[in-house]
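Protein chains: 2
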Amino acid sequence: MNAPTAPEFDAARVAAATAAIAARLPALEWITDSRVERLSQDFYWFSPVLKRQLEHLRAHAVVRPKTEDEIRAVVAACAAERVPITVRGSGTGNYGQCMPLHGGVILDLSAYNKLLWCEGGVGRAQAGIRMMEMDRQTQPAGWELRCVPSTFRSATLGGLYGGGFGGVGSINFGPLASTGNVMGVRAMTIEPEPKTVELRAPEALLLHHVYGTNGLVLELEVALAPAHAWLEAIVCFEAFDAAIDFADALAHAPGVIKKSVTLQAAPIPDLLLAATPLLKGTMTPGSHAVFVLVAEASEPALQQLVAEFGGRITHRKTAAEVKSSNRTIVEYTWNHTTLHAMKVDKSLTYIQSGFEAGRHKAQARALRAHFGDEVLTHLEFIRTKEGAMTCSGLQLVRYRSDERLDEVMQIHREHGVYIANPHVWVVEDGKQGQVNPDVVATKMRFDPAGLLNPGKLRGWAERERIAADVAAGRVSLATLPSF
Amino acid sequence: MNAPTAPEFDAARVAAATAAIAARLPALEWITDSRVERLSQDFYWFSPVLKRQLEHLRAHAVVRPKTEDEIRAVVAACAAERVPITVRGSGTGNYGQCMPLHGGVILDLSAYNKLLWCEGGVGRAQAGIRMMEMDRQTQPAGWELRCVPSTFRSATLGGLYGGGFGGVGSINFGPLASTGNVMGVRAMTIEPEPKTVELRAPEALLLHHVYGTNGLVLELEVALAPAHAWLEAIVCFEAFDAAIDFADALAHAPGVIKKSVTLQAAPIPDLLLAATPLLKGTMTPGSHAVFVLVAEASEPALQQLVAEFGGRITHRKTAAEVKSSNRTIVEYTWNHTTLHAMKVDKSLTYIQSGFEAGRHKAQARALRAHFGDEVLTHLEFIRTKEGAMTCSGLQLVRYRSDERLDEVMQIHREHGVYIANPHVWVVEDGKQGQVNPDVVATKMRFDPAGLLNPGKLRGWAERERIAADVAAGRVSLATLPSF
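So the sequence lines, in the order shown, correspond to chains A and Y.
Residues 1 to 483 (our numbering) are what the first sequence spells out, left to right.
Residues 1001 to 1483 (our numbering) are what the second sequence spells out, left to right.
Hints listed in this document are in silico derivations from the structure and should not be mistaken for laboratory results.
Do not take every clue at face value.
[Said to hold, decoys possible] Below, computed lysine to any residue pairings styled on SDA-like, alpha-carbon distance capped at 20 Å:
1. A/Lys114 <-> A/Glu70
2. Y/Lys1051 <-> Y/Tyr1399
3. A/Lys280 <-> A/His336
4. Y/Lys1361 <-> A/Ala388
5. A/Lys385 <-> Y/His1252
6. A/Lys385 <-> Y/Pro1300
7. Y/Lys1385 <-> A/Lys114
8. A/Lys385 <-> Y/Asp1245
9. Y/Lys1385 <-> A/Val306
10. A/Lys323 <-> A/Glu296
11. A/Lys385 <-> Y/Tyr1399
12. Y/Lys1385 <-> A/Glu299
13. A/Lys385 <-> Y/Ala1249
14. A/Lys51 <-> A/Pro4
Construct the complete structure from the given sequences, taking the supplied hints into account.
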């Protein structure tokens, strides 16, 4: 499906209106030169399907506000002129999440980035704060973010909330949406006279993971994790079974404090070794590798488990060594694995999946046996929202055709593995096609004119039916804020 | 089974030898007056069976050394004179663990109690340190013990290692024996010329949970937990199912930082209310109560779950309030529940059990339906050594006869629930009767003359067979230390 057209957002009209808004707000930082192209894109090109469908998309201008007043001015003007707004953090997502389907303004929040406070294990920041920067500011007090993507260096907290699911740390705290992780958000309505509202948990999750399509998040208040001194290690195994059994046992081991456990089955370690000279000597070629972050105090326990499962530690850096080198193995996990592998082998793409807790090892073995070289096993161990240990897969797939890619995903589903399809750009299509009435109802309150990247949320077209269903009591919503 | 007699430890000879040793070591703190009775006992009387069998037991003297040299002097003398040694912490156990079967010397380690160091999430202390005192010293640096019994106020770290399983905190870190919790122990051999040796994990667990019968532990090095500001709350429910579902969901919830979740089914809350005026108003009479400790930052998440399951928070104290009041609900959980309930209803005793992770709620419901008022449900949520969430039961039982008590335990086993029988005083009988060759082989090295509370470890009688089996390769042991 190619990006839509809509008479309502006629390109000439939107272009002229955008230019008028920029002219009317000269104090703001506007970008209208060749950088607009880069700032209209993310890592959508991980998917050969999205690459074909989305690569032509461009905003008419990018604005980079520094204060809430500046944000309000842009929002008010866009709402008055019916100009689409696409919210952007650092653009490290890989689903075309922040690519504007109908041009208009890219609202780049990366300069709206202050840590507001950190106290008692909770931190509050403006949406555009980079996660590495937030950790840098809170770690001296003993706290850090509960989960971060491998792109933590540049990615923003608002971006994680808007487009992310979880990441490094989810092995302890589950996905970001688990009860207790997000305490509150401050959001702004997209109206000629924008209102702001504080949503506390659980309502604070109403704008989560819908890519900024149902509201504009200004600030986030999140529960933090104790900041341990993290030892980084890579453990290599000759046999896949030993590698996954070790990874699973380590992930479960209650006495081992850990931050991440990643299984990179052969030949992924070879792809990573080929991708960068920085990894030279860190893995045994031909092996299956498990990347781990454990608290330094847990190193003897790690060694004990490595010995039990017959692995070999081929890389080890203390927290101090990691810090002084400014390099971390985290940047070879999650979708950084995909990025590096694709540099080496252009035929690769990927899928994202969630295994069934308890059956996850058996599912991984069965799928590996089924696909052979076509699908390379990359698993991240995480807890589910309900606290069960399982893994999330970011399998590398040798791309043959769109049809075969669909088949590969369907075969995963037939094995009981959930697929978060990263080859679609409509929000609901990445979530098994389900329209979520809560999401649509939230958008009706926060974005009544439907200006937040119009076309991305399929459920918006059904808003009248949903409103009628709610009014008639046929659908019950999560408690929505009133303001 | 009554406590044994053994010609080798003829009471008159042991009494005379003990007196001679005390006379030879006058600089040490010896206790030979009426306090010997109390110091020869623990909370064995929780069991009507043990009460009958063990209440007559007395040591001939108690010694309370302050240094390793003093310990060495006592041990050397006892070994030379073949006087039994029974190691004691604070005597808060409830299995007659530290009650001397053949008199001799009680080696009371409560004055050997220094914190040696605390660094990078690891602490090392002398065995007799009280757990509350260790926490008091390490908490300013942000660390505390990973699991403590409800008797943490007086109980010693060595006592937990020697006679304990886990406790408050095991919901995160599993039992003390989970890989990574115990880093090392320093132990002394019971010989005329005692040797000391450092055992590192996993060998550090060879002397764990056998009640000081196979070696004398001097120092312990344990991994610590981040010390959060713990909020204490009691949540009351009208229905048992809602209470257990809430407790289980809270225990699992990955985004809620917690230290303990305890389910006290009706009528236990009423028993606790009757036991002490201190609890007045903290629980709804007639209700099922869940006692919880969560990080203060997790309070909104707790409230959210309470609302979801239809509970009511009837007691709430912040960490500062707990500290200033010097009272904690922890002292109404684990075997403190048993203690308080028995004060009110003299017909009660208890059992200890381990539920099967995943089936634990169903098992608890089935057993509750089976027993009605005869067995009162008290569950502590913990992780297993392998990291699965489950619960440990300290059910209160209306005592009718020894035979019925055995039947009650057998019915639990038939429901798939593991029983750690607290009505037996032989080490192996509390562990399904199995002789553990590792434990016996360890005792052969650390206590070659069999002086550590002789008679308590049944496997000791089989030491020659075990040694022969090991020599012939018929039994393989965990790696034992050589020295």
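Hints, verified against the model:
no., hint, verdict
1, A/Lys114 <-> A/Glu70, "holds (15 Å)"
2, Y/Lys1051 <-> Y/Tyr1399, "holds (13 Å)"
3, A/Lys280 <-> A/His336, "holds (17 Å)"
4, Y/Lys1361 <-> A/Ala388, "holds (15 Å)"
5, A/Lys385 <-> Y/His1252, "holds (9 Å)"
6, A/Lys385 <-> Y/Pro1300, "holds (17 Å)"
7, Y/Lys1385 <-> A/Lys114, "violated (42 Å)"
8, A/Lys385 <-> Y/Asp1245, "holds (16 Å)"
9, Y/Lys1385 <-> A/Val306, "holds (17 Å)"
10, A/Lys323 <-> A/Glu296, "holds (14 Å)"
11, A/Lys385 <-> Y/Tyr1399, "violated (42 Å)"
12, Y/Lys1385 <-> A/Glu299, "holds (18 Å)"
13, A/Lys385 <-> Y/Ala1249, "holds (10 Å)"
14, A/Lys51 <-> A/Pro4, "holds (15 Å)"
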